[in-house]
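Q: Produce the entire structure from the sequences given, and follow the hints as far as they go.
Those protein sequences? They're chains G and W, same order as listed. Numbering follows my numbering, with no gaps: position 73 of the first sequence is 73. So my numbering is basically just the index in the second sequence, starting at one, shifted up by 177.
Any given hint could turn out to be false.
[Stated by the list, open to error] Okay, derived cross-link-like pairs now, EDC-like style, lysine to aspartate or glutamate, Cα gap no bigger than 16 Å in a straight line:
1) G/Lys-9 to W/Asp-221
2) G/Lys-9 to W/Asp-323
3) W/Lys-291 to W/Glu-251
4) W/Lys-273 to W/Glu-292
[Claimed, not checked] Negatives, chain W to chain G, calculated, CB over 10 Å:
5) Lys-240
6) Leu-255
7) Arg-267
8) Gly-276
9) His-303
Hint data in this document are derived by calculation from the structure and do not stem from the laboratory. Just so it is clear, CB atoms sit at the ideal spot from N, CA and C, and this is done for glycine as well.
There are 2 protein chains.
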Amino acid sequence: MKKPFPLAKVYTLLEPGAVAMVTTALKDRANIMTMSWHTMIDFDPPLAGLVIGDQSQTFQTLKRTGECVINIPETGLLKKAVACGNVSGRTVNKFKAFGLTPVKASKVKAPLVKECPVNLECKVVHRTLANRYNFFILKIVKAWADPNKKDLRTFRHLGKGVFLAGGKKIKTSSRMK
Amino acid sequence: MKKPFPLAKVYTLLEPGAVAMVTTALKDRANIMTMSWHTMIDFDPPLAGLVIGDQSQTFQTLKRTGECVINIPETGLLKKAVACGNVSGRTVNKFKAFGLTPVKASKVKAPLVKECPVNLECKVVHRTLANRYNFFILKIVKAWADPNKKDLRTFRHLGKGVFLAGGKKIKTSSRMK
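A: Written out as structure tokens, the structure is:
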């Protein structure tokens, strides 16, 4: 039987896409942020929309540089993705702290995460909604993937540190809402 | 080994959230559209962003009325969701054609789909990106769900009619890209 559902918990009902790790770089300092709120916006040229919390270092860097990489991790990286989501890039070099490998991108200054099987190099094309909605529209200018790898074991965040992977739920120590 | 990946196929790499069925109503005529490109934008009040193809009847109605309902189907409705995505509301009354039941909503004129376990009544709050990016920002003004139902068997569209549900792939006759 359906009943009215608390509006503040609606975000747990609209299941997001695969968890992404967004990398940015300011001068020589690279950072990683774990996030779930994204959507494709157009096919070709490929455009995507990202919601990036305005308290984060990534938000500031993305506004200043207009560049990032969307990296898609598989379940083997779940613990590291959660760890990257639990601390701020202001105080921690997440590549070093969590044993992730930055690789030079071809069209942006933000690095690829080597351990992620998919890397999408992006440039911001629309930022008028950044201040009001934390929302950026990006054009994917270069994409990297393994053509022989057909099925990615991605995972999704259901809220409060519970992830869904391959039909199974996994509880983590994520501090994400 | 990662290689450059064709930009026109990037949309198959950025896995979307759960398939949604968006209902709208113009005068007494209700319509349903199946779609995947959505994201939450804020927690409370809950905001969501939707990409609605500008060739669709839903796009025109959403622009005119500023109201819709996001309905989340489970796998038992996969065939009907695909059927709703394969035809236009201009020529077909999809509720009648596919045996779906419209239920009066409480705050918008668009109907809830009774067979979907989650219904989110929405009002458009930002449409400046509708013409350029087919992108609408909505506020969820009323939500319906079964509090006793903990695990929704949602499904995701991986592209070209292949869906992912409970860790398994399902091929359908969808005409979606």
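Q: It remains to establish, for every hint, whether it holds in the given structure.
A: Verification of the hints:
no. : hint                   : verdict
1   : G/Lys-9 to W/Asp-221   : 8 Å, holds
2   : G/Lys-9 to W/Asp-323   : 13 Å, holds
3   : W/Lys-291 to W/Glu-251 : 12 Å, holds
4   : W/Lys-273 to W/Glu-292 : 13 Å, holds
5   : Lys-240                : 17 Å, holds
6   : Leu-255                : 15 Å, holds
7   : Arg-267                : 22 Å, holds
8   : Gly-276                : 19 Å, holds
9   : His-303                : 7 Å, violated
Going down the numbered hints, you'll see the structure goes against just number 9.
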